[in-house]
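2 protein chains.
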Amino acid sequence: MALIVQKYGGSSVGSIERIRNVARRVAYHARQGNRMVVVLSAMSGETNRLLGLAKELSDHPDPRELDAVASTGEQVTVGLLAIALQAMGLKAKSYSGGQVRVHTDSAFTKARILDINRGNIERDLDNGVIVVVTGFQGVDKDGNVTTLGRGGSDTSAVALAAALEADECQIYTDVDGVYTTDPRIVHDARRLDTVTFEEMLEMASLGSKVLQIRSVEFAGKYKVKLRVLSSLDDPESNAPGTLITYEENQVMEEAIISGIAYARDEAKISVMGVEDRPGIAYTLLGPVADANIDVDMIVQNIGESGHTDFSFTVNNTEFDKALAVLNREHDAGKFKARTILGDKNICKVSVVGIGMRTHAGIASKAFRALAEEGINIQMISTSEIKISVVIEEKYLELAVRILHKAFELDKAPA
Amino acid sequence: MALIVQKYGGSSVGSIERIRNVARRVAYHARQGNRMVVVLSAMSGETNRLLGLAKELSDHPDPRELDAVASTGEQVTVGLLAIALQAMGLKAKSYSGGQVRVHTDSAFTKARILDINRGNIERDLDNGVIVVVTGFQGVDKDGNVTTLGRGGSDTSAVALAAALEADECQIYTDVDGVYTTDPRIVHDARRLDTVTFEEMLEMASLGSKVLQIRSVEFAGKYKVKLRVLSSLDDPESNAPGTLITYEENQVMEEAIISGIAYARDEAKISVMGVEDRPGIAYTLLGPVADANIDVDMIVQNIGESGHTDFSFTVNNTEFDKALAVLNREHDAGKFKARTILGDKNICKVSVVGIGMRTHAGIASKAFRALAEEGINIQMISTSEIKISVVIEEKYLELAVRILHKAFELDKAPA
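Chains A and B, in that order, are what the protein sequence lines are.
For the first sequence, the working numbering gives the first residue as 108, with consecutive numbering after it.
For the second sequence, the working numbering gives the first residue as 108, with consecutive numbering after it.
Warning: the hint list may mix true and false statements.
Any copy, or any two copies together, can satisfy a pair, since identical chains are not distinguished.
[Unchecked claim] Derived lysine-lysine pairs resembling DSSO-like cross-links, with alpha carbons at most 30 Å apart: (1) Lys162 to Lys217; (2) Lys328 to Lys217; (3) Lys330 to Lys472; (4) Lys512 to Lys198; (5) Lys332 to Lys441; (6) Lys198 to Lys217; (7) Lys428 to Lys198; (8) Lys441 to Lys512; (9) Lys162 to Lys198; (10) Lys248 to Lys512; (11) Lys501 to Lys248; (12) Lys501 to Lys443; (13) Lys328 to Lys162; (14) Lys428 to Lys518; (15) Lys443 to Lys328; (16) Lys512 to Lys501; (17) Lys328 to Lys512; (18) Lys441 to Lys198; (19) Lys443 to Lys248; (20) Lys443 to Lys518.
Hints are computed from structural coordinates only; laboratory data are not their basis.
Computed from a predicted model, the values in this text were never measured in an experiment.
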């Protein structure tokens, strides 16, 4: 008897009929003899509706209260799925994050899971009960309801799979797996049967919407077997989706590059002519991190005459806040700089592939492809398995198509 | 510094603008120097919407899951009110029933409050925080979310007022107090400045929608000073509403009758020709009570030749269930009866007044008034302070008007 954790997103539970479909799929897997834990998001649009109500009352609503309000969306869907499963003759029980003690820190609206109490869930599973748990939320040590931030339901599912030592964590989405790039941009994008954990991590961090990055990190940390599947397929089709693997030799040798990822919602901040002294990176980014703003790419150019230019990217929604923090620190004399610039009209495009490690020339091939189309590169950042470039936002689709073609991703590996 | 518990119903928090109005009223009382605890219902219509979703999935949804789903409505409004209060510069914090440990039994959808933990709330009040608590819900000893049944938010408010030893519990509704009868039926119905606890109890049990009966019982048990007020009045008008008093001498001597109440959603069940033996009432009503059905009026006529007719009323929604229980018991040979009859087209009209105790002739006056209009009385039940009659439903308004006039309730007491 395998223990399977399945996660369904907002569009999969967006209506009564869709909740019934989820129930059918869960029932199919349960009747195959599996022990089932199901993690759900709120009905699509519901979290935004709830947050919208809060925003009508205040421009800066208290994060604790935002979480109290937003967390109700999943509490509705888990109860409804339990009812739907019971109507099919199965035993099922719903739990909120607080009830199964998904214990988090107190960073409201972006909390991190610390641990999960397996007691309730295992007792139910032993009794043949399908356990339905709210995604996206937990409870801090003082009993306050917290949420994990957007996409946090994936993280909830992986964390549960890790805590329960599940045999597989299946993330159901509206696509049938991980693709070489966004099929809406490149029509001959291909579904990958497997992708390595590291590649997936890069894809997720680069804005591929299939999986939330924190869930991939969590999966890697606890070696959770993660599979991306489509909630639109027939429940009994046994479509394989994409499996995230932890062993590189499972990947075909010929596949140097796995995919092209992009992130549209980035913004760039540059601190120009800042003094080039030890500790300057911390001086600039420490206060940004303290304000709970996630920084993505960081680039520091070689300085001359004791000064350097320092650039980093943040999510668009945190651009104003990050800029304000830097200006505040600057005005307080914490650092000196010629000027602080910001640009929201940028995007990031990345080439990802574990094979890149042992193959030279990938970067130059990518840069040449972009240059031939006259696309100017503003920032470059590389890791062992990815090359990311920041370019003007309007070139996003063009750049993705060029790179997908340059690396022949439309062709299946030999 | 008085401690005031205020409760606002669904229509008072039915939109963002109305939530702002509630915030203004709460703020007014807080700025007068009071310590404030606010109890809220869900936005009007929301609980029904949520229960409707569940009913779409199952004809008999699991009560535990129904409560999990339905309890989210108040969790949204309390968070929103806290945000609205904060936007006005006040300190505020929301809590679900589970968070402040409104501890109930496990009778899902109609749970009863066992105790309330005052710790969190008092700490917040001491810090000048306005505490906003979900009505209608609690948590059982296993951590399952429970709801108190319709109107349970009044009970939550009174229970909190009792636990916190509040100076006053103010129930805000869409009427400005308790009236001599329903103003929609009798246009010259009068608002009462005070009404005794016992009269209020009868009014509530008789279907007066102003206060839920359990909340009045709770208030009486703990001598909570309860006041009914309108949420539509200007916050600063200081309208007095109706105060529920526990001392009879606060009531003017001349007021023999305080009001005419009615209940439209009653149904009658009669067991005809049942053997007249000791224990027969328990034989009939025990299984009904075991099925968690509330029985209202009970009438047993004098029997002849060892048989009697036994009638009782239940809420319309529980009529089918009660009838099924009786037929099951009958078919199982638990009692013998000539026939079991049911009638949903009835209503109950009651004359209520503490003065009735010391004034003879009230019953006959009421019966004569009804007889003069040719209204047939099907059942009669009396207590020290009320006389109730069951009549055909179509005569409801007529009977209320006749009785209001017969007891001159349109005229203010001397």
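(message) To test your reading of the hints: which numbers does this structure violate?
(response) 3, 4, 5, 8, 10, 11, 12, 13, 14, 15, 17, 18, 19, 20
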